[in-house]
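Colleague: Based on the provided sequences and hints, a complete structural model is requested.
Here the protein sequences line up with chains A and B, keeping their order.
The opening position of the first sequence corresponds to residue 1 in our numbering, with each subsequent residue numbered one higher.
The opening position of the second sequence corresponds to residue 769 in our numbering, with each subsequent residue numbered one higher.
It should be emphasised that the hints constitute simulated quantities derived from the structure, not laboratory data.
From a predicted model like this one, the values you see are computed outputs, not experimental measurements.
One should not assume that every hint holds.
Once the Cα atoms are required to be at most 25 Å apart in a straight line, the calculated SDA-like pairs of lysine to any residue come out as [stated by the list, open to error]:
#, chain 1, residue 1, chain 2, residue 2
1, A, Lys123, B, Lys806
2, B, Lys1035, A, Glu751
3, A, Lys130, A, Tyr49
4, A, Lys508, A, Tyr605
5, A, Lys634, B, Gly872
6, A, Lys19, A, Asp513
7, A, Lys5, A, Lys745
8, B, Lys806, A, Asp688
9, A, Lys765, B, Ala1012
10, A, Lys130, B, Lys806
11, A, Lys33, A, Gly63
12, A, Lys409, A, Ser164
13, B, Lys1016, A, Ser164
14, A, Lys123, B, Leu804
15, A, Lys677, A, His185
16, A, Lys439, B, Lys1016
17, A, Lys130, A, His103
18, A, Lys634, B, Ser868
19, A, Lys51, A, Glu132
20, A, Lys123, B, Val805
21, A, Lys33, B, Ser868
22, A, Lys51, A, Tyr136
23, A, Lys123, B, His793
24, A, Lys745, B, Ser1030
Stretch-level coverage of chain B by chain A, calculated; a stretch enters the list once three of its residues show a Cβ under 8 Å from a Cβ in chain A [unchecked claim]:
#, region
25, 961 to 969
26, 1039 to 1053
Residues of chain B clear of chain A, computed beta-carbon distances all greater than 12 Å [what the hints assert, rightly or not]:
#, residue
27, Pro792
28, Ala818
29, Asn887
30, Gly924
31, Gln927
32, Thr928
33, Gln979
34, Ala1003
35, Ala1017
Ideal Cβ positions, reconstructed from N, Cα and C, are used throughout, including at glycine.
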Amino acid sequence: MDKKKIVGHSEERWDAIAKVKGQANYTGDFSFKHLLHAKILRSTIAHGYVKSYDIAEAAQMPGVIKIFLPEDLPHHLYSTAGHPWNLDPAKRDIEDRTMLTRHVHVYGDDIALVVARTELQAKKAMLKIKVEYDEYPVYLTPEAAMAPDAMRIHPERENAFASSEVGFGDVKQSLKDADYVIARHLTTPVQQHLHLENQIAVAYQSSDQRWTCISSTQIPHICRRIVAQANGIDWSQVRVKKPFIGGGFGNKQEIIIEPLVVALSRALGGRPVQIALTREETIAYTRTRHAISYDMKIGVNQDGHLTAIDCDVLSNQGGYASHGHAVGGKGGTFINALYRADSLRFSAKTVYTNIATAGAMRGYGMPQVIFALESIIDDAADKIGMDPIKFRQINHQPDGFYNQLGQTKQRDFLIEQCLVKGRAAFHWDEKLAASQAYKTGVKRRGVGIAAFSFGTAVWPFGLETSSARLFALPDGTFKLQVGATEIGQGADTALAQMAAETLGVPFKSVIRDVMTDTDLDPYDTGAYASRQTYIGGVAVKKAAEEMKQKILKRAETEFKVQLEHMDIVDGNIVYRADGDLVTTVKDMAMQSYYDWDTAGSMETYSSINVHHNSYGSGCSLAEVEVDIETGQVKLLSLMNVHDSGKIINPLLASGQVDGGMAMSAAYGLNEELLYNKAGKPLNNNMLDYKLPTAMDLPDLEGVFVESQDPLGPYGNKALGENPDVSPAPAIRNAVKNAIGVGIDKIPLTPELVYNQYQAAQKAAKGDL
Amino acid sequence: MYDITGYHEAHSLADVFAVIRTDPHARIVAGGTDVLVKNRAEAATYAEVALIGIREIPELQGIRLEVDGTISIGALCSFDEIEHDPIIRQHMGLLAQAVSLVGGPQTRHMGTIGGNICNAGPGADSSPSLLAYNAVLEIQSPTGTRHLPIRDLFTGPSQTVLKPGDVVVRINVAQADYQGYVGYYTKFARRNALDIANQSCAALIKVNDQQEIQDLRIAFGASAPTPVRAPHAEAYAQGKTISADVLKAIGTACLKDTKTHSGRNSKAFRDHLVTVLPGRNIMTALKGDE
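Modeller: In structure tokens:
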């Protein structure tokens, strides 16, 4: 008897209809009686101290309820980073901020709050507040902030507040041993998430006299903890509700405005208070992807053997520690995951500056380090005249490699299959040959490749726990409750598929939450690190297996058929041997509610702690046309190949892949948050920040090398972030293939490409 | 948040003038694709004002071919309407192409050519083409009607010679200014949609069978504080036979009329584009294949 496969099938996402019909309520859709609106007064300097405020005129503006200065709100130090709490104080996120501050660390720092009856009234009053500052020197780069005479941005610690070094072997000797040493200084820009729904949160005192915060957050349970810590109240006094979310990409793995709305409601007698950031605020004053620079050297022999990978890293943290060194310090493990070399050294520093605070963003350090690694790897292949795919094939780690830096055996690590499949599916050889016709003239063509590795979830660097609860409803359907967070990526649909698959019931028989609620839903740390189908999946599987046993047990008791002879298929309880019907899940569920003798509702709960990891891998292949007169790069084709284990829902997976490819392509070509010398953001709007449109991208092709990961609950491993890692360096390498110039900086703007090409032409002429 | 204090729907120019008499700060709004954005950003003179809607006024609508061959475009014509209008497509292909590159579909359906001109952005997509066509604006005010060549309109970024109460009603192009010309417009932007030009260039050219230039008109956007023509280059080109050297010389001569500064791109790179774009536009226009 064939079981209907639900995992692996493109089930329609459970919330699709509600979203199309406009029934899906987002945070801003809830209405409250007497809702108050708050606006944050933001500093107009990037570094300094607020000497004085003049709020006299602002306080008289229509609709103003109250103006809050730093002295008016709690002063508990906290971190906005959405990590699980650590019982070891030494391993906690750095707590370097309070809710409002006179100490300005970034342009747009939160220096006061205005609460008014309407948002417009709050904004107009805010504009009337006059502020006097003591101004300090502004440091935009780690180099500037690390200068001997630089002042400390946070007096408690040095500007270079964290460092680490990992590796093995003797890189100096290995570099000496190499036939060639290639050295590059590679830099990446500040990127911003640009999730569709800006940050928004509302808080009020609920009838039980606790504090409810409705928020667009990726991490409801962590949000509860941070809100409580920032406000200095018991964790249980906060209830967080997460309705539908318009994306987050890591920026909502930060608790930015939630502590403020709870503090304001507490100060205003429990009235509901909302903060809704504008797009301009979200881009400039929430979190960003760290700009990181890499001084990299690799040693390579003529036969392609890698002798050494040596890397010095400087990560630009911005004004507050947030996720801190967890991002910039990442890299050594995943370089080691991807390539074999005689020795490796990865030394990283994370440095406070006065640009926007960097935090979690899709890929979490991997887009940066893979841009650097895959640029220099490609240059090494060129140096020895080897096909770049072949060069990667002879140097990548084998399946089953034990990565001591990540304490992980790389089971089912299929980079080889990705490279082989990519070469064929992309028609690499044909495109490379065709590009030969475009090596003179104004428009030059080329192809490029970049590979990557990627961890699933955060073990061994962080705690990985999750839980799930299932109730059988009288009609044979099931309510699934998880703390794992749906933020638009489709996690809820995937987790419901998993429950249905294990239970043996139709997908539609699993009912999901429209709201994640810390009072009701079991604990999970939230949506980040591509962890939910892997970690949350374990919890769901366990709860579903137990539920299945309960149902079969009931059938056994009722029909005296031994449990081991029965299975559940498509909602029916059948003989394992031939599929003949014994009874139905519905009958057993109804009985569990109402049978005079045996009634007792069927509920299961699981809570798990996972100490293993599964590494994914993959590659991107790009074909570009470069206009050497204008420097414009046209992306002709782009393909991602992914080794992500079993694909739970191919349609949702292709959505993740398309989105990640677009995000990384624009990272390589266009996106960059810019600052003037005073640290003021210059392009914090959707016109000047160049997010790509559909007109800027070719058809995005995603290919999977599907397998069953031995540790993934359903053979699955990370996919959510992986697509955002390798397109940018593949494009960089394709541009190099087109014009003969390897550019070590992204984004590849027309002016940069034009100037680098011109400089290379001049240098070549000088050589003659 | 929008900060609008009131709204008047005008059904005639007289309505507009009456509102402005009582409320001189009231702002005319057509498609709202600039005015509402500036209102939301609390831009001076755009926020905390009443708006006057003019979309119902008949004189400002429609595209006509007059008996003398003049093409007359109503100021309220949307970019989308102009792009797809048969008269414009047949006679003023350069303009049709230029307005097809404005923003995205929503902006092109709402945004109007009159608004694009009056907003006076240095990189407005319609301006270089209208400069090349020697467009003349018909302006009505409480005191009467006057005609102003578009060349004399712009005085600086977002600044024009228009006074409160002036309403651009129509944009007229004489037959001699479009007949026999071919043109091409390059919008140099970082995105292919939803963007404004970092720099732009329109070329309108008439050649004889010997490939001698009978007339050349070049105009730039975002290459000076206002959209500008390049009269030095145009004069140089007169009577020349098209060649790589001539195109290069035309490009170099354009620098005499542009005035770039470092901003989204460096001055050096912008000047480089000034020299490159005209020749590329001329060749594309003459090939007629794009």
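Colleague: Evaluate each hint against the coordinates.
Modeller: Results of checking the hints against the structure:
A hinted pair counts as satisfied when its Cα atoms are at most 25 Å apart, and Lys123/A with Lys806/B qualifies at roughly 15 Å. Restraint check: the Cα-Cα separation between Lys1035/B and Glu751/A comes to about 11 Å, which is no more than 25 Å; the hinted pair holds. Our distance criterion of 25 Å between C-alpha atoms is met by Lys130/A and Tyr49/A, whose separation comes to about 14 Å. Taken as a hint, the Lys508/A and Tyr605/A pair is honoured in the structure, with Cα atoms around 21 Å apart against an allowance of 25 Å.
Distance check on the hinted pair: Lys634/A and Gly872/B sit about 19 Å apart at the alpha-carbon level, within 25 Å; holds. Using a Cα cut-off of 25 Å, the hinted pair Lys19/A and Asp513/A holds, with the two alpha carbons roughly 14 Å apart. About 46 Å separates the Cα atoms of Lys5/A and Lys745/A, which puts this hinted pair outside 25 Å; it is violated. For a cut-off of 25 Å, the pair hint linking Lys806/B to Asp688/A stands: about 15 Å separates their Cα positions.
Among the hinted pairs, Lys765/A with Ala1012/B is consistent with the structure: their alpha-carbon atoms are about 23 Å apart, no more than 25 Å. A C-alpha spacing of about 23 Å is found between Lys130/A and Lys806/B, which places the hinted pair at or below 25 Å, so the restraint holds. Distance check on the hinted pair: Lys33/A and Gly63/A sit about 16 Å apart at the alpha-carbon level, within 25 Å; holds. Pair hint Lys409/A plus Ser164/A holds up; C-alpha atoms about 23 Å apart against a cutoff of 25 Å.
With a CA separation close to 55 Å, the supplied pair Lys1016/B and Ser164/A exceeds the 25 Å bound. Using a Cα cut-off of 25 Å, the hinted pair Lys123/A and Leu804/B holds, with the two alpha carbons roughly 17 Å apart. Restraint check for Lys677/A and His185/A: the C-alpha separation of about 23 Å stays at or below 25 Å, so the hint holds. Annotation: proposed proximity of Lys439/A to Lys1016/B holds, straight-line Cα distance about 22 Å (limit 25 Å).
Restraint check for Lys130/A and His103/A: satisfied, since their Cα atoms lie roughly 16 Å apart, inside the 25 Å limit. Pair hint Lys634/A plus Ser868/B holds up; C-alpha atoms about 20 Å apart against a cutoff of 25 Å. Only pairs whose Cα atoms come within 25 Å are accepted, and Lys51/A paired with Glu132/A is accepted, the gap being roughly 5 Å. Of the pairs offered as hints, the one joining Lys123/A and Val805/B holds, with about 16 Å between alpha carbons and a cut-off of 25 Å not exceeded.
Among the hinted pairs, Lys33/A with Ser868/B is inconsistent with the structure: their alpha-carbon atoms are about 46 Å apart, more than 25 Å. Proximity of Lys51/A to Tyr136/A is assessed by CA-CA distance (about 13 Å); at most 25 Å being required, the pair is judged to hold. Among the hinted pairs, Lys123/A with His793/B is consistent with the structure: their alpha-carbon atoms are about 22 Å apart, no more than 25 Å. This hinted pair checks out: Lys745/A and Ser1030/B have alpha carbons roughly 20 Å apart, not beyond 25 Å.
Given as covered by chain A, the region 961 to 969 of chain B passes the check, having 4 residues with a CB less than 8 Å from a CB of that chain where 3 are the minimum. Under the rule that three or more residues need a Cβ within less than 8 Å of chain A, the assignment of the region 1039 to 1053 of chain B holds, with 4 such residues. Even its closest Cβ contact with chain A, about 22 Å, leaves Pro792/B beyond 12 Å, as expected for a residue assigned away from the interface. Its beta-carbon lying about 16 Å from the closest one in chain A, Ala818/B satisfies the requirement of being farther than 12 Å from that chain.
Against chain A, the non-interface label of Asn887/B holds: every CB pair exceeds 12 Å, the least being about 14 Å. Against the 12 Å criterion, Gly924/B stays outside the reach of chain A, whose nearest CB is about 21 Å from its own CB. At the 12 Å boundary, the C-beta of Gln927/B stays outside the reach of chain A, the nearest C-beta of that chain being 20 Å off. Non-interface call for Thr928/B relative to chain A: holds, since the shortest CB-CB distance, roughly 22 Å, exceeds 12 Å.
At the 12 Å boundary, the C-beta of Gln979/B stays outside the reach of chain A, the nearest C-beta of that chain being 21 Å off. Interface exclusion of Ala1003/B from chain A stands, the closest Cβ pair being 25 Å apart, more than 12 Å. No Cβ of chain A comes within 12 Å of the Cβ of Ala1017/B; the nearest lies about 16 Å off, and the non-interface call holds.
The structure fails to meet hints 7, 13, 21 from the earlier list, while all remaining hints are met.
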